[in-house]
Amino acid sequence: MPENELGITSQNIEFGICLKNGDGYQYYLIPTDARFKDLLFHMLNKTYQNWKEVATEAAVYNPANKYSSIERLILPIANPLVERIRHFYQLRNITTDARQISHIDQLFAYFCIYRTTDGKKIIAVRRAYQFKVASQQKYLSWIDDTLHYYDKKLFKIDNDFDFIITEDEIYIFRINGFEKFAHLEEIILEKASESTERLGMIIPFLNIERLKKYASKHPSGARLIASIMARDDLAQTDERFLKAQCKDKGVVIELIDGKIAPSRANESKLLHLLDRRMFTIRLVKNKKETYQAGSRELVQ
Amino acid sequence: MARPGLGIARFGMVLASFWPLFLLWAIRGSPIIEDQLLFLVCGGLIVIPNCLLGLRIWYAKWQKDTKGITIENHGNHQDHILIYLLAILLPVYSLPLDTWREIDVLIVALLLVIVIFWLLDLHYMNLFFTILGYRIYSVDPENHAGDTAQRDSFVVITRRTSLIEGQEISMYRISDSIFIELS
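Order-wise, the sequence lines are chains A and B. Everything in the first sequence is counted per numbering that gives the first Met the number 0, starting at 0 for the first residue and increasing by one. Everything in the second sequence is counted per numbering that gives the first Met the number 0, starting at 0 for the first residue and increasing by one.
Simulated from the structure, these hints should not be mistaken for lab results. What you are looking at is a predicted structure, and each value in this text was computed from that prediction instead of being measured.
Below are the DSSO-like pairs computed for lysine-lysine, each with C-alpha atoms no more than 27 Å apart in a straight line:
| id | chain 1 | residue 1 | chain 2 | residue 2 |
| --- | --- | --- | --- | --- |
| 1 | A | K120 | B | K63 |
| 2 | A | K119 | B | K63 |
| 3 | A | K120 | B | K60 |
| 4 | B | K60 | A | K155 |
Only chain A is shown next, with the shape it has when bound in the complex (with noise of 0.2 Å):
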């Protein structure tokens, strides 16, 4: 039996999908047969290689970074950000029903879990766009010199996976289908308002009220919080760096009860500046340009 890079044959494979009611999720296994499963063994592979072939080397996904449709990263499991994935990898005996593939409507993600030679499960996840569309376009097949209107339903499989979830770190190859499986936008939203409060714990010169007013309305700024606070060095944030930062980057602040605080309209500024994606450049002579990063990566 063929073994891949990742140390998985196509012996213990299992399709499942999740449908999606209302506000709920649920997850069901469908039985499928030996030739399905080979295919998707070689999609794994597939996703596996392309995944590796985005870049060099994995970097870290940071939820307030823009990205391209398809990239490298990693997440470590443990990350709180990613609770729903950890839940779902965790799940043990999920329901074998093939009938809930009826239920095509639905279907939120198709799923498959792969076990490696030595025990260890791995799951891949992709959200279903083409599986779904795919059972109400008309076929035709070509049976004896004539072409027949196939009336059955028939599902379309992708090309790869947008997720590789192993025991450890989940391997994100596309951004968009990993957040909307994570439901990362709302668990972000959710978070902001206790995320600020640790912020203005973990940097006690600085006046969150503003900055957590800011983050439980604004997405981006939800998502800025997020990235901050995986940061493990802000307790060591200076008071006299931040504010003369503030003054280089044009960021203006006040005073509020001796504390921080951004004036109106300068909260994303701020987060953006306490996470690192405010930059100044001076290429031209008496003239300096301050510019935001979408994305940034650190250099030295």
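Put chain B on the given structure of chain A with help from the hints.
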């Protein structure tokens, strides 16, 4: 626990599980049915459904129709075989076969039992499994509030003398709620 799916195959498997009864009837005979005919009918009822069960297991193996089972909240169901023998097979066997009316009663009673077994997903009660050294266990996953998957209980058939909680075993699917570990 009943989850329709593979309906005809499950019906065949229930019928297959009644093979000891058909064997006893064939040996006992009936004054109103010729022995040859009774042997043919009972033999057919023993061989055909059990071949169907064997075919289902072979097909699952051929199609790699496996599922990674995690043992949780399990129970040993060996006693079900005993209950099945004492409560179902022996009472039905003891019904007389002397008149056509009695045979009609017997067929209806048997059909009722088969339908009940079919609906309750009790098609794993096959003495062949026990004869071949298999044991029957139930796995009853606990469902918690907020769970994203309804995890129904199911039956596993294995030669293992005991199961360990948390143990992961890859098994072949006989039906959506019955899995077998071939060894």
